[in-house]
Structure formats: C-alpha cells, structure tokens
Amino acid sequence: MTILDAEAAERLAEKHDFEKVNSTKKGYYKLVAAITTIMDGCMKEKPNQIPSMITEETRQQLDLLEKRKNLNRTTFWVGTWE
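Per my numbering, the sequence shown runs over residues 1 to 82.
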C-alpha cells in the first residue's frame, strides 16, 4: 500500500513551473501531466507495522512466524505409516 507524502507534494508543486497557455485543451493536458509528475514524486510505501506499537512479546512471535515461513520444507519425513 502506498501513501502520499503531503509535505513532499507541496515542495514539488512549489518548484514546478506552471506556465500560462492560450489553449484550454493544451493547458488541461499540461496541468494533468504536472499533477501526475508531482504525485509520482511524493508516493512512498506505507509501513506494515509501527515498531513503537509492537510489544517485545509480539515481536518475538513475529520473528518465530517468519522463521517458520522460511523453513526448508524438504527436511520433513515423507513416508508411509506402518
């Protein structure tokens, strides 16, 4: 999930050269292109977790789950029950 960094958007908008054009259609396309450029420049990934809000116990459980997920599944016994 991505979020918009509002401060970055404001900085980029202030730096952008918005020029006056005679054609409404041309002006519209230039404005849309400028907004898209600004938006692309200020998007960032939203963190999945806020570290300060996770307790040590929960962090340990998350570490164990991560280790379990990364286990080599070929180490388990594969055979028949007798």
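One or more hints might be untrue.
Derived lysine-lysine pairs resembling DSBU-like cross-links, with alpha carbons at most 35 Å apart [unchecked claim]: (1) Lys-26 with Lys-67; (2) Lys-15 with Lys-44; (3) Lys-15 with Lys-25; (4) Lys-26 with Lys-15; (5) Lys-44 with Lys-67; (6) Lys-25 with Lys-44.
Across the chosen pairs, the derived CB separations fall in these ranges [stated by the list, open to error]: (7) Met-43 with Glu-66: 23 to 29 Å; (8) Arg-68 with Asp-5: 23 to 29 Å; (9) Glu-66 with Asp-40: 49 to 55 Å; (10) Ile-35 with Asn-70: 40 to 46 Å; (11) Asp-40 with Leu-64: 26 to 32 Å; (12) Asp-5 with Ile-54: 21 to 27 Å; (13) Ile-54 with Ala-34: 35 to 41 Å.
Bear in mind the hints are in silico, worked out from the structure with no lab data behind them.
Virtual Cβ for every residue (Gly too), placed ideally from N, Cα, C.
Going through the hints against the structure:
{"no.": "1", "hint": "Lys-26 with Lys-67", "verdict": "55 Å, violated"}
{"no.": "2", "hint": "Lys-15 with Lys-44", "verdict": "19 Å, holds"}
{"no.": "3", "hint": "Lys-15 with Lys-25", "verdict": "23 Å, holds"}
{"no.": "4", "hint": "Lys-26 with Lys-15", "verdict": "21 Å, holds"}
{"no.": "5", "hint": "Lys-44 with Lys-67", "verdict": "28 Å, holds"}
{"no.": "6", "hint": "Lys-25 with Lys-44", "verdict": "31 Å, holds"}
{"no.": "7", "hint": "Met-43 with Glu-66: 23 to 29 Å", "verdict": "27 Å, holds"}
{"no.": "8", "hint": "Arg-68 with Asp-5: 23 to 29 Å", "verdict": "35 Å, violated"}
{"no.": "9", "hint": "Glu-66 with Asp-40: 49 to 55 Å", "verdict": "32 Å, violated"}
{"no.": "10", "hint": "Ile-35 with Asn-70: 40 to 46 Å", "verdict": "42 Å, holds"}
{"no.": "11", "hint": "Asp-40 with Leu-64: 26 to 32 Å", "verdict": "38 Å, violated"}
{"no.": "12", "hint": "Asp-5 with Ile-54: 21 to 27 Å", "verdict": "23 Å, holds"}
{"no.": "13", "hint": "Ile-54 with Ala-34: 35 to 41 Å", "verdict": "40 Å, holds"}
In this structure, the earlier hints numbered 1, 8, 9 and 11 are contradicted, and the remaining ones agree with it.
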